[in-house]
Amino acid sequence: MIFAAGGYAYPNAKVRALRSRRLTAQDRHFLLEARDFSSFLAYLVTTPYGRVLPDLEEEKTDPGMLERRLARSLMEDYAKVTRSLRGQREQELVLALFSRFESENLKVLLRAMFSGRGKQAVSHLLYPLGKLSALPWDDLWAYNNPAKIADLLIRNPFGQALKHAIPQFNVQGRLFPLEMALDLSCFQRLKQAISGLRSRSDRKAAKRILGPYVDILNISWVIRLKIHYGLSHEEIVNYSLPGGELLTLSHLHRLALAEDISSFLEQMPRSLQKEVGEVRDWEDFHTYLETWFLRLIARLFMGPPFHVGIEIAFLLEKEMELTSLITLLEAKAQGLSPRRTVKKLPRQFSGVAHV
Amino acid sequence: MFRPVKLTRLTIQAPEDQISAVMAILGDLRLLHLIRVEETHLGHLGYVAHIDTSLLEHYDSLLARANRLLRDLGPTGPSAGIKKVPQPDKAVFRLEEELAHIETEALGPLERKKKAKNAISEHEGLIARLQLLEPAKIDLDRLHDLRYVTWRAGLIPEENLNKLEQSLVGTYHTLIPVGRKEQRVVLLAMSLKEDEEALLRALKSAFWDPLELPPGIHGTIGKALDRLSAELEHLKTELAGLDTEGAELTQKYGARLKRLCEEILLARQLLKAQAEFGQIDHTYLLAGWIPVALFEELKKRILKATSGKVLVDQVDPKDIKEVRSGILKIPILFNNPMLIRPFERLTTLYGTPSYEELEPTVFLAVSFLLLFGMMFGDVGHGAILCALGYYVFRKMYRYIDYGIILMECGVSSMIFGLLYGSVFGLEDLIPALWMHPMEEINRFMVMSAFLGIGVISLGLVLNLINVIRQHRYGELLSTSGLAGALLYWLGVGLVARYLLSEGLSPFELIFAKVAAGALIILMILQRPVRTVLAQRRTGKKWRHLPPGLGGTILESFIEILDDLLRYLANTVSFVRVAAFALTHAGLFIAVFSLADMVQNVHGQGIFYWITIILGNIVIIALEGIVVSVQTLRLEYYEFFSKFFRGGGKPFQPLIEEEELPGHVTRS
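Protein sequences appear in the order of chains A and B. In case it helps, this note's numbering puts the first sequence at residues 1 to 355. In case it helps, this note's numbering puts the second sequence at residues 1001 to 1667.
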């Protein structure tokens, strides 16, 4: 315990300092109630996110471009948290979590390659990863073939995953297998990083926070792949992410087979059923689950602090705040009313919004 | 050697039907620096020649075909050599015919060889796939005969096996892991035929890499492997036969094919060069620079080849107004012996000499080797540098110049090593023919300073020659001219006299004061006087003194102070030669001390020698670089800055040697 306190004193202080820069209840209220897109941006500039926004008077305010600009704040926090951690294995855990953004950029790269567009044309879709990403981006952009990219990244989990997915890419002639392989490799790496942690309390804390996170993603993916993509249950199970805590493969299989919302709810583990019991629309599942997850994070911050879970929880909490902010930004850009927007946001973001 | 090759300006007017013949002769002669038509009045008026694009495209296709044959036949020997530079419009027919002849004989066997290679590669792939399934000891015929069951063989990532199993719950199936390869499981997956689609969906989403087995494979995998291995052997034998046939073709046509390629390339270059000519109606006009010595030969050959239908003239550069006014620059064609030629690279790194200037490469080469040798004098190290240089010279064609420089530096080091009596830092192996630098530090420093005086004086003399050749007489009285040089030599003389006799006579003192005073006054006044004279010439009149005269005098005064200080600094700068020679010896002392310490600790001779060898490697690498940089610095900053102005234009021959794959011989 004393050693853990020594090891995590600085990272925790760093995280608490960074956490103090979250949007306040007042910020969330005014952002949600903003009259229109320009008022929303005018207020956003006054929040901690204002720092990463471009000069709105000079540049064109394209929502797509702003989304990635806002992400810079999260990327910077990843770098700060990684630097604050002393152990290599703890850093690897954060880097594994960070690799999801690298994976997103790799997907953009592959899509650009597939559609014959250059980096310039898609640069607004790229996460500003900064120096934390050690991938050879310049070389990657210079290639024009997924097999070569896989070879270049062969020492990285992405390379191995791409290599294994290339036969299916060749058979199917579309990027979907490669994109899925990239996503799965991130979570495989995350799972390995958790098992690689030295301290038992670290492993337990990391599982406690990342397990439910993977569960939420798996439920969302089941819904997305089933409802939006119309994939079969066999495919849905195979595309599920490893490392979940509450949902087993058997749960996922049953969820993939469920025909309507009520049977879907029935197939969920009991602990989750009460959280999403009120859901009547497929679209609402994610919001309810996020609300539940944010409660888990809040609970974690109230418990014993000396473990790596604190850092991971902070980064995921920040990511969710960013996701909510982007949802809000898109809603404002489309001119949706606050009432309609609230339904798409977790309760922590919208429910306590008052001055 | 001290001057670039003397050039004359050549102008040729040729009718359209003769231009190809003229080009062939110019290409053969090589030493022509074309003046681009865009840079001339004719070009400005739009009279630019057009390339025959269809002919160029024909050459491009010939080149592609020839390159394909070259790649497939892979000849290694030298080219047959071009006897005569091709005349592009005529040569294309001959080249086409020759190439077609080679293709008729070579393409058939090459195609068969390619097919055999593909078959071998397919067989090897199939064998590798079957070997993965071998542990299952499957009879493929029995699998093919299954009526209600479908099966697939392939690989999936290890971590996906559980998910695949779970995804098929509810479907009758079996998954048989057969082996492992690179973090993947070799799997035989089976299901009822009616569930085939579900099985395929599950496999696809588990990143299935199918092991395709062609329908012709029968029996047990072991037997199939035996049969395929036998077929593979047969194919290899066939390929060996085709290889022999290919080798014979290479032997027969290799050199000829290379020569064909060279001819095609040369003809293309000549065609492309036409874009730099002028053209008025059906007459081509071209101008360029050519060595004076080659003009008559060129003229004779062109007139003979065109039956006198072409006008060939030369103009002396002195008679060209644009050259006199400096608008048109005469290119520089270096003219140095082989051992000096590599140093041209170092000269051009500083700047390209102008046509009227002295060509400084020979001075650079001699002083570079002298300074390098003095600073890096060691017989052993010199020999290593020499060997390294020889290796670069023999093995790295692109850096051949640096190889020669390295060898020469090595020889210089060895000579100074003999003078210093140093072999790998050991100073008791051979006697010093001159001195051990560490034992006579003061003398060595004085020697270095005098060497500096010599180098600077040489720079000043070269500058005087340049001033006279370029008629810049006004500069004779400046600090960089004769007045400055005399003042510098006066100072040097006084110091030398003082050091030799430990004092100066009153006469010498008075002479020095008067002479220095007069020279300084001359240097101060020369610029204002020149300004006044220039204004007089332009007809300007003033009441008292010309405006700005005071400022000019002050500027001159400051300039003289600055230049005199620079002379002093430049001379002292050469003391570094001694300093680096001493560093060289000092580093050896450090290495030997370290070796002694290591020996004392370990008590083994081997460690002593390892330290000595590593120390020597470090000294050669580290000091070699430092000494080269310092020598170059002395050359550029202390020597070249005294006389070398640069700003010239390098001579660019019509056909660059490096652009051709082999050597093209002149007829």
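One or more of the hints may lead you astray.
What the hints assert, rightly or not - Calculated pairs, DSSO-like style, for lysine-lysine (alpha carbon to alpha carbon, straight line, at most 30 angstroms): (1) K107/A x K1204/B; (2) K1117/B x K148/A; (3) K119/A x K318/A; (4) K191/A x K1204/B; (5) K343/A x K14/A; (6) K148/A x K1204/B; (7) K107/A x K1181/B; (8) K119/A x K14/A; (9) K1113/B x K148/A; (10) K1181/B x K191/A; (11) K1204/B x K1181/B; (12) K1649/B x K148/A; (13) K1272/B x K148/A; (14) K1181/B x K148/A.
Hint data in this document are derived by calculation from the structure and do not stem from the laboratory.
For each hint, the structure was consulted:
no.: 1; hint: K107/A x K1204/B; in the structure: holds (20 angstroms)
no.: 2; hint: K1117/B x K148/A; in the structure: holds (24 angstroms)
no.: 3; hint: K119/A x K318/A; in the structure: holds (28 angstroms)
no.: 4; hint: K191/A x K1204/B; in the structure: holds (23 angstroms)
no.: 5; hint: K343/A x K14/A; in the structure: violated (33 angstroms)
no.: 6; hint: K148/A x K1204/B; in the structure: holds (22 angstroms)
no.: 7; hint: K107/A x K1181/B; in the structure: holds (27 angstroms)
no.: 8; hint: K119/A x K14/A; in the structure: violated (35 angstroms)
no.: 9; hint: K1113/B x K148/A; in the structure: holds (28 angstroms)
no.: 10; hint: K1181/B x K191/A; in the structure: holds (22 angstroms)
no.: 11; hint: K1204/B x K1181/B; in the structure: holds (19 angstroms)
no.: 12; hint: K1649/B x K148/A; in the structure: violated (45 angstroms)
no.: 13; hint: K1272/B x K148/A; in the structure: violated (37 angstroms)
no.: 14; hint: K1181/B x K148/A; in the structure: holds (21 angstroms)
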